[in-house]
Amino acid sequence: MKTKILKEFNFTSDLGQIFLKDVTIYLDEEDYSKLQLGTPIEQLDFGLSGDLIFEASRGIAKNFFKEKYRDFIDGKYKLKTKELKAIQEILNLSNSEFSKILFIDKGTLTNIYKRESCSKQVAGIALERLAMELTRRGSAKRLLRIETELGASDQTVLEEFNAIRYG
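The working numbering numbers the first residue of the sequence shown as 2 and each following residue consecutively.
It should be emphasised that the hints constitute simulated quantities derived from the structure, not laboratory data.
By construction, the Cβ of each residue, glycine as well, lies at the ideal position given by its N, Cα and C atoms.
Where hints are given, some of them may not hold.
[To be verified] Computed beta-carbon distance windows for the label pairs:
no.	residue 1	residue 2	range
1	E160	Q44	36 to 46 Å
2	T157	L49	34 to 44 Å
3	G125	Q37	41 to 51 Å
4	I126	E30	40 to 50 Å
5	S97	K121	17 to 27 Å
6	E30	K79	42 to 52 Å
7	D52	L159	20 to 30 Å
[Claimed, not checked] Lysine-lysine pairs mimicking BS3-like chemistry, simulated, CA-CA at most 30 Å apart:
no.	residue 1	residue 2
8	K81	K35
9	K86	K35
10	K81	K101
11	K81	K142
12	K79	K3
13	K69	K35
Required output: the full structure, derived from the provided sequences and hints.
Here it is, written out as structure tokens:
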């Protein structure tokens, strides 16, 4: 396994993208050789650290909330199914657990994913659960009484989100 530090890296998810600097990627010998020969990174099989993926995903989710929440509330934006799934991933919940915190049954969540459409009420609850989790890690599982440990409250994020919510 070889490592390479990229000066800039575009990390994307279904909630958006974020540009990162000085990212370490992990490659096998063959892909490392291809990279040295000029093969674009997008054509290679590489890995990233779990911590980097976690933090980048949360950063994208924070930006998504800041950019879309107000438009959603004003009826100018409709949450897409892929975004709902991405929120579920950020919350680290199974379909059963996610449906519980959205106040719907698991079958309804499955139908939402199949139809690729959800109600404004379900979408709004999902956005609020996302904000709750980004403000205080572990909130979603605590709500389900799965875990009792909560991460430290991120006061900066809380203040930013409250400014978006309440003007």
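Evaluated hints:
no. : hint                     : result
1   : E160 <-> Q44: 36 to 46 Å : holds (42 Å)
2   : T157 <-> L49: 34 to 44 Å : violated (25 Å)
3   : G125 <-> Q37: 41 to 51 Å : holds (49 Å)
4   : I126 <-> E30: 40 to 50 Å : holds (48 Å)
5   : S97 <-> K121: 17 to 27 Å : holds (23 Å)
6   : E30 <-> K79: 42 to 52 Å  : holds (46 Å)
7   : D52 <-> L159: 20 to 30 Å : holds (23 Å)
8   : K81 <-> K35              : violated (37 Å)
9   : K86 <-> K35              : violated (34 Å)
10  : K81 <-> K101             : holds (20 Å)
11  : K81 <-> K142             : holds (23 Å)
12  : K79 <-> K3               : violated (43 Å)
13  : K69 <-> K35              : violated (39 Å)
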